[in-house]
Amino acid sequence: GNSVTQMEGPVTLSEEAFLTINCTYTATGYPSLFWYVQYPGEGLQLLLKATKADDKGSNKGFEATYRKETTSFHLEKGSVQVSDSAVYFCALSGGDSGNTPLVFGKGTRLSVIA
Amino acid sequence: KAGVTQTPRYLIKTRGQQVTLSCSPISGHRSVSWYQQTPGQGLQFLFEYFSETQRNKGNFPGRFSGRQFSNSRSEMNVSTLELGDSALYLCASSLEATGIAEAFFGQGTRLTVV
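Chains C and P supply the protein sequences, listed in that same order. Counting along the first sequence from 1, when you hit position 27 you're at 27 in the numbering used here, and nothing is skipped either side. Whatever position you read off the second sequence (first residue = 1), add 1000 for the numbering used here.
The set of hints was computed from the structure by calculation and includes no laboratory data. It should be emphasised that the depicted structure is a prediction, and the values quoted were computed from it without experimental measurement. Check before you lean on any hint, since a few could be wrong.
[Claimed, not checked] Below 27 Å or equal to it, Euclidean Cα-Cα: the simulated DSS-like pairs (lysine-lysine) are: (1) C:K49 <-> C:K106; (2) C:K106 <-> C:K68; (3) C:K49 <-> C:K77; (4) P:K1057 <-> C:K49; (5) C:K106 <-> C:K52; (6) C:K56 <-> P:K1057.
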């Protein structure tokens, strides 16, 4: 079945550092790929998404590119801020399995220090 | 417009009791999904309802059940609570089936079983 693997955390960065959180997936066909963010005490918010190969999702300075050849959807941000401290989840849905529920990675906790 | 509302936000129950959690989706959304979030297992899919019909079900015991009403509001019920049921329960609503349309999450209900 579908699965998502993302890098273990926690990740601690200084403000203005470059961020990469790796995410790879297992699915047949072309699933839709998502990054969700969870701030302390909150539910999940969609950060960005991509629905076909080579699509780039972007939002709030974050970017991720759908790479079919490497089955990856790595999250990047050029300059992180303290306010980016949160838990980030990579997720997928669909592919040859049809309309399927979201399958999430384990989450990566990011802490940004001033 | 109002977001996804989950009630109650916090709940403490005793082993063996049962509990009902409620989710009011965004107005006009017909799909409601439920997820269990724990530190060890991460986010796990419980079930999805669309127009009052269960579309998908995750790998949870029969003690976990749900339903959706004609106004799209959903409830989930856990009977004979176990300590391991302590978790954050998240509800997500979307316009169409999850994976096709963006899923919007509520803040969750934190259930503690003692």
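Hint check:
no.: 1; hint: C:K49 <-> C:K106; result: holds (18 Å)
no.: 2; hint: C:K106 <-> C:K68; result: holds (21 Å)
no.: 3; hint: C:K49 <-> C:K77; result: holds (15 Å)
no.: 4; hint: P:K1057 <-> C:K49; result: holds (24 Å)
no.: 5; hint: C:K106 <-> C:K52; result: holds (23 Å)
no.: 6; hint: C:K56 <-> P:K1057; result: violated (31 Å)
In this structure, the one hint that does not hold is number 6.
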